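Mind docking chain B on chain A? Use the hints.
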Amino acid sequence: MTSDFTIGVISFPGSNGDQDALHAITSDLGVAARSIDYRATDLSGLDAIILPGGFSYGDALRCGAIARFAPVMSELRTFVEQGKPVLGICNGFQVLCEAHLLPGALIRNKSLKFHCFRTNIRIDNATTAWTSGLTEGEVLELPVAHGEGAFYADPSRIEHLRVNGQIVARYCESDGSVTDLANPNGSVAGIAAICNEARNVVGLMPHPERATDPLLGGIDGLKILKSVLNRVAV
Amino acid sequence: MSDTGTDRQTWIVEAEVMPRTGVNDPQGEAVMSGLHSLGFAATSRVRCGKLIRIETVAVSEDDAIRQGTEMCERLLANPVVEEYVVSVASVVDGGTDS
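Residue numbers (the working numbering), protein chains in the order written: chain A, 16 to 249; chain B, 99 to 196.
Next up, chain A with everything else stripped away, as it sits in the complex (with noise of 0.2 Å):
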């Protein structure tokens, strides 16, 4: 079934995640990966794409803001209309977010400091393309790096993604309590990973890449990789 799956991996100017996603696919969850330059308009032969973590553009404007209007951004459009599974993670889902591939907004930590360390997330949501591998209610322990990654949505919008399942995964405790204590940057309602109606697109604040070996640290990020595995193309 995985023998000949392709996950790309997009680079813009000013990713630095890139490089950590093709090693962990390659490498540790063992299927073939490809480099997408940011200027590329064919994403044929490609069973999922991941939008990596950094600073595209150097987080001008806003993080995200910029990288939306790359050359490889209308192409991704219709890979997702497509029904494929995309992910993007910390500037990914900025990205995404900006493009409005994903509902909402992230925005400044609510310490103002960098967060560079590890968090829990509970998984609310195990029917995505990139959780269905986990259960609802499972804590991953995966590592963050962001200054900028509290989601952001108006009262509303939060209340629309939870009754619709979009609200994949949250900051929690040890034993899956969702606290405020356990919510690093101040996202609303903690949130962590959300997803697009179609369940396709996951945008995920931590990184499941630099979690794939227990050289790193742990392998729960593998968990979220290989759920894409179990996706026959739609």
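Just so you know, these hints were derived from the structure itself, not from any lab. The reader is advised that the hints may include incorrect statements.
Claimed, not checked - Derived contacts from chain A toward chain B, CB cut-off under 7 Å, selection only: (1) R77; (2) I122; (3) L127.
Quantities reported herein were computed from a predicted structural model and do not represent experimental measurements. We put the beta carbon where it would ideally sit given N, CA and C, even for glycine.
Here is chain B on its own, set in the frame of chain A:
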């Protein structure tokens, strides 16, 4: 000067982009805490936004404001978390040599 007969001029358009009411502004809170440390004890609220100054060619003040508004809608402001005000600050000169 233009030979088309239209009154094209260079305008300075200013877009003031601010966090929406109800959206956390930790930067503003940090600035307020700094002001308190300096003795500005009466300071009760600080919000930090950004001012974007654009030079653009337009046929009228209304046209310059219309351009600035479209720029804000499509790029300069994120309506999920920000609101904006567009103003025309001043005219740079009487036209361009294009």
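Evaluation of the provided hints:
| no. | hint | verdict |
| --- | --- | --- |
| 1 | R77 | holds (6 Å) |
| 2 | I122 | holds (6 Å) |
| 3 | L127 | holds (5 Å) |
In summary, the structure agrees with every hint in the numbered list given earlier.
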